[in-house]
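Protein chains in written order, with the numbering used here: chain H, 17 to 128; chain F, 46 to 156.
Source of the hints: derived by calculation from the structure; they are not laboratory data.
Incorrect hints may have been included.
Cross-link-like lysine-lysine pairs, in silico, DSBU-like; alpha carbons within 35 Å at most [to be verified]: (1) Lys-83/H to Lys-143/F; (2) Lys-143/F to Lys-100/F; (3) Lys-86/H to Lys-115/F; (4) Lys-48/F to Lys-115/F; (5) Lys-102/F to Lys-72/H; (6) Lys-52/H to Lys-48/F; (7) Lys-84/H to Lys-116/F.
All of these numbers come straight from a predicted model, not from anything done at the bench.
Chain by chain, the residues:
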Amino acid sequence: GEDVEQSLFLSVREGDSSVINCTYTDSSSTYLYWYKQEPGAGLQLLTYIFSNMDMKQDQRLTVLLNKKDKHLSLRIADTQTGDSAIYFCAEMTTDSWGKLQFGAGTQVVVTP
Amino acid sequence: DVKVTQSSRYLVKRTGEKVFLECVQDMDHENMFWYRQDPGLGLRLIYFSYDVKMKEKGDIPEGYSVSREKKERFSLILESASTNQTSMYLCASSLIGKAAFFGQGTRLTVV
Chain H
17 GEDVEQSLFL SVREGDSSVI NCTYTDSSST YLYWYKQEPG AGLQLLTYIF
67 SNMDMKQDQR LTVLLNKKDK HLSLRIADTQ TGDSAIYFCA EMTTDSWGKL
117 QFGAGTQVVV TP
Chain F
46 DVKVTQSSRY LVKRTGEKVF LECVQDMDHE NMFWYRQDPG LGLRLIYFSY
96 DVKMKEKGDI PEGYSVSREK KERFSLILES ASTNQTSMYL CASSLIGKAA
146 FFGQGTRLTV V
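Produce the complete structure using the sequences and hints provided.
Printed below as a string of structure tokens:
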């Protein structure tokens with residue numbers, strides 16, 4: 017079955033770059049997503065990448081996809097205190113009717 | 046903007062009560078989902094629906110049921126609440142094959 021794994025915690029200094037990593041197992045993934053969850057809130061879609069792409073850049077966010085290793089990463093440039101949140105990666109597979117399989121989430125703490 | 050609205054932010058219920066969590070979306074999405082979020086476990090799918098009156102079990106359907114009588118509304122029902130159902134519940138909706146948009150969540154405490 018599908019399995020999505022992330023490290024649970026990342027501490028980064030304000031102004032540095034953050035890199036959040038994710039691995040997945042299902043080779044039939046169509047889209048891979050990054051969501052952000054601030055305390056007490058729902059999930060906000062940050063960005064996504066189609067499975068036939070290697071990279072996608074959106075302002076401070078860069079998504080890298082290594083299909084051979086089934087590895088996905090999210091880089092946040094110039095990390096700010098407002099970037100402190102839990103970040104979830106999720107995969108959608110071709111036979112899933114649009115269901116998403118989520119990782120456990122990475123808690124990012126930005127220190128001054 | 047897509048709006049997914051959950052009827053309550055916080056709920057406290059007693060063991061054995063029947064609990065209804067309501068979710069409404071305003072973007073005519075076919076798919077609607079109920080997830081449960083627990084620390085260290087991420088989001089786990091309880092049920093989803095791809096059309097009115099259609100429902101499919103997710104990964105953890107035991108102890109839950111759902112209702113989708115109208116396209117915009119998807120209800121999660123706890124038939125007899127138990128303390129192990131204390132959790133954050135998240136509703137989402139999507140077009141088929143597209144990204145899901147989430148509500149703000151309902152934090153349910155069963156005492």
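Task: Violated constraints from the hint list, given by number and in increasing order - done: 3, 7
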